[in-house]
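Trainee: Spelled out from the first residue to the last, the chains are:
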Amino acid sequence: METLVNGFKTNRAFAVTSLLVLLLLAIALAAPVLAPFDPTHAEMKDAFLEPGMSHLFGTDKLGRDCFSRVLYGARASLSGVLFLVCSVFVVGTTMGVLSGYFGGKVDVVIMRISDMMISFPGMILAIAVAGIMGGSLVNAVIALTIVSWTKYARLARSLVLKVKRRDFVEAAIVNGGTPTHILWTHILPNILPMMVITAAADIGALMMELAGLSFLGFGSQPPAPEWGLMLNEGRQQLQTAPWLMFFPGLAIFITVMVFNLWGDNLRDVLDPRNDAE
Amino acid sequence: MTNKQILARLGQIVLVLLGISFITFALVMLAPGDVVRQMIAGNEDIIVSQAEIDALRKELGLDKPFFFQYLDWLGRALQGNLGFSFMAKKPVVEELLERLPGTIVLSVASLALMMVFSIPLGIYSAVKRGGWVDNLVRGFTFLGVSMPGFWVGLMLLWIFGLKLDLFPIVGGEVSLENLILPSVTLAIAMTSKYTRQVRTAILEELHQDYVVGARARGMTESHILWKEVLPNAMLPLITLLGLSLGNLLGGAAVIEMVFQWPGLGRLAIEAITYRDFQLVQGVVVWIALMYMVINLLVDLSYNYLDPRLRKAR
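Taken in sequence, the protein lines are chains A and B. Just so we're aligned, residue 708 is where the first sequence starts under this note's numbering, counting upward by one. Just so we're aligned, residue 250 is where the second sequence starts under this note's numbering, counting upward by one.
No lab work stands behind these hints, which were simulated from the structure alone. Glycine included, every Cβ here is placed at the ideal spot set by N, Cα and C. A few of these clues could be false.
[Claimed, not checked] In silico lysine-lysine, DSS-like type, Cα no more than 25 Å apart, as pairs:
#	chain 1	residue 1	chain 2	residue 2
1	A	K858	A	K871
2	A	K858	B	K442
3	A	K812	A	K869
4	A	K812	A	K858
5	B	K377	B	K313
6	B	K412	A	K768
[What the hints assert, rightly or not] Partial list, computed: chain A residues near chain B (C-beta under 8 Å):
#	residue
7	Y808
8	G810
9	V813
10	V816
11	M818
12	F827
13	L832
14	A835
15	V836
16	S843
17	M915
18	F922
19	I959
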């Protein structure tokens with residue numbers, strides 16, 4: 708935490724990108740205040756209005772205001788991706804820590820499963836899982852967690868193995884520390900920074916995958932304003948109302964870019980050894 | 250790789266395939282909705298009698314316990330029979346083979362495009378590090394990796410298909426004019442990623458002692474770059490290339506959907522949407538198999554490309 712505050716003061720790029728991330732979160736939270744219209748309110752006589760003064764981003768086939776939907780979409784898309792990152796992070800780290808700390812059979816089983824998961828393309832399994840379970844944001848998150856946790860498990864495992872050999876862990880064991888105590892006070896704090904850096908750098912990519920599933924119809928369901936889903940709806944009106952696919956896509960693009968930049972800078976701040984070239 | 254390692258890898262492929270097919274099979278069982286009812290009625294609301302459903306269920310062996318059903322499937326799969334697709338109204342294997350050329354053509358075209366751009370750009374920006382080309386390349390590649398592919402695809406479709414009317418927008422069959430937009434879409438994201446990888450790989454090699462040594466011996470910069478640095482830097486990229494090819498074969502699904510390209514990814518999505526589970530099962534196993542075989546071939550290619558391994562054999 709101290710390093711974060713320090714980084715905020717000394718690393719200008721980190722400060723700026725952090726503010727941008729906060730701005731995105733603020734937009735998501737303040738959507739009800741900022742949005743000029745109800746995002747799900749249909750007004751058939753206003754269908755397919757071009758972007759203009761009254762409707763900044765135009766309207767869709769039901770006459771819903773695209774600008775309001777993009778603003779509200781920030782809520783669905785950001786909360787979705789945060790939920791996803793947390794879930795991948797928790798599942799992966801837990802598996803990796805168990806595997807690395809206890810070793811033996813636990814290790815063999817977890818690592819064999821993880822070998823299996825990385826040996827074929829994840830997206831196709833995610834599509835199958837989300838599709839078969841039925842399209843919903845929660846199912847999409849579960850599907851992407853199933854295919855993404857292995858990366859974190861491997862990283863956590865190798866970090867635990869490294870930390871485990873350090874003197875202070877040996878000392879704690881000799882002093883009769885219980886496994887839970889050693890895990891929580893000695894091992895986790897030492898592996899967390901690296902895990903968090905990885906998770907932060909992954910937000911952008913996971914966001915695109917989640918939006919991709921929604922785009923295919925295997926994530927959020929209508930009439931929810933979610934960017935991937937809006938792009939799907941916009942795709943059907945590419946000829947008559949291209950603005951319907953332009954703005955949600957732009958929103959994803961900007962958000963992913965901000966998170967990617969932030970992730971890079973966070974790494975510089977938390978991991979000074981890894982000097983950015 | 251020694252013969253023993255190759256055998257171990259083949260064994261692993263078999264294990265993974267068993268695991269994958271079991272997982273998808275289990276998922277299908279857990280899926281909401283009645284598969285049999287779906288098979289008879291499709292996506293329409295037709296009233297089907299219970300007797301009819303029971304008869305078909307028995308005929309398909311769906312009344313047996315789960316594990317036996319899986320063994321049935323496995324037994325048939327080993328004989329090359331992956332079941333019947335009621336969506337395509339033909340055997341699953343036939344449908345898979347029909348979609349294979351489309352996927353291969355698209356994957357190879359986008360990989361080729363990617364290499365044509367990313368290798369020269371990556372080398373140039375590494376050598377002229379900090380110059381304006383390098384900065385420009387880094388800026389563009391950063392934008393490239395942050396853009397969702399399906400959005401890029403839709404934008405290209407809108408600009409070049411609708412506004413400029415240069416390409417067909419419906420797609421549907423494998424042809425050169427249908428191929429250009431989807432392969433460019435896939436290549437944009439990959440080029441961004443690889444240009445950075447090539448640049449990093451070259452920069453890393455340029456800092457090695459042997460480069461300093463070569464300079465000290467008075468070798469020309471171009472000799473060092475082309476004869477010493479490049480071969481070393483390209484080797485690790487081949488693994489990445491193999492992974493990308495594997496990912497393209499299965500993971501280009503979203504782009505295939507945008508352009509209505511007849512490939513395996515789109516087939517998987519259609520099969521899931523129609524709840525044609527025999528086909529879903531077939532596609533997933535088939536894609537997993539291709540992916541693993543490609544990666545094995547890439548690793549084998551190291552035996553020939555890396556002189557150290559060549560001697561060890």
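Trainee: Compare the structure with each hint and give your call.
Mentor: Comparing the hints with the structure gives:
Annotation: proposed proximity of K858 of chain A to K871 of chain A holds, straight-line Cα distance about 20 Å (limit 25 Å). Taken as a hint, the K858 of chain A and K442 of chain B pair is honoured in the structure, with Cα atoms around 19 Å apart against an allowance of 25 Å. Restraint check for K812 of chain A and K869 of chain A: the C-alpha separation of about 19 Å stays at or below 25 Å, so the hint holds. Proximity of K812 of chain A to K858 of chain A is assessed by CA-CA distance (about 20 Å); at most 25 Å being required, the pair is judged to hold.
A distance of roughly 67 Å separates the Cα atoms of K377 of chain B and K313 of chain B; the hinted pair therefore is violated under the 25 Å criterion. Taking the CA atoms of K412 of chain B and K768 of chain A, the gap is about 21 Å. The hint holds against a cut of 25 Å. With a cut of 8 Å, the hint placing Y808 of chain A at the interface with chain B is violated, because the nearest CB-to-CB distance is about 25 Å. For G810 of chain A, the interface hint is violated, since its Cβ never comes within 8 Å of a Cβ in chain B; the closest pair sits about 21 Å apart.
For V813 of chain A, the interface hint is violated, the least distance from its beta-carbon to any beta-carbon of chain B being 18 Å, above 8 Å. Residue-level restraint check for V816 of chain A is violated (minimum Cβ-Cβ distance to chain B is 12 Å; threshold 8 Å). At about 12 Å, the closest approach between the beta carbon of M818 of chain A and any beta carbon in chain B exceeds 8 Å, and the interface hint on this residue is violated. Satisfaction of the interface hint for F827 of chain A is found here, the shortest Cβ-Cβ separation to chain B being roughly 4 Å, below the 8 Å cut-off.
For L832 of chain A, the interface hint holds, since its Cβ comes within 8 Å of a Cβ in chain B; the closest pair sits about 7 Å apart. With 8 Å as the threshold, the beta carbon of A835 of chain A comes within range of chain B, its nearest partner Cβ sitting at about 5 Å, so the hint holds. Against a cut-off of 8 Å between C-beta atoms, the interface hint on V836 of chain A holds, since the closest Cβ of chain B lies about 6 Å away. Taking 8 Å as the C-beta cut-off, the interface hint given for S843 of chain A is violated, the closest approach to chain B being about 11 Å.
Because the beta carbon of M915 of chain A sits about 5 Å from the nearest beta carbon in chain B, less than 8 Å, this interface hint is met. A cut of 8 Å between beta carbons decides the hint on F922 of chain A: the least distance to chain B is about 5 Å, and the hint holds. At its closest, the beta carbon of I959 of chain A sits 5 Å from a beta carbon of chain B; the interface hint therefore holds under the 8 Å criterion.
In summary, the structure is inconsistent with hints 5, 7, 8, 9, 10, 11, 16 from the numbered list given earlier, while agreeing with the others.
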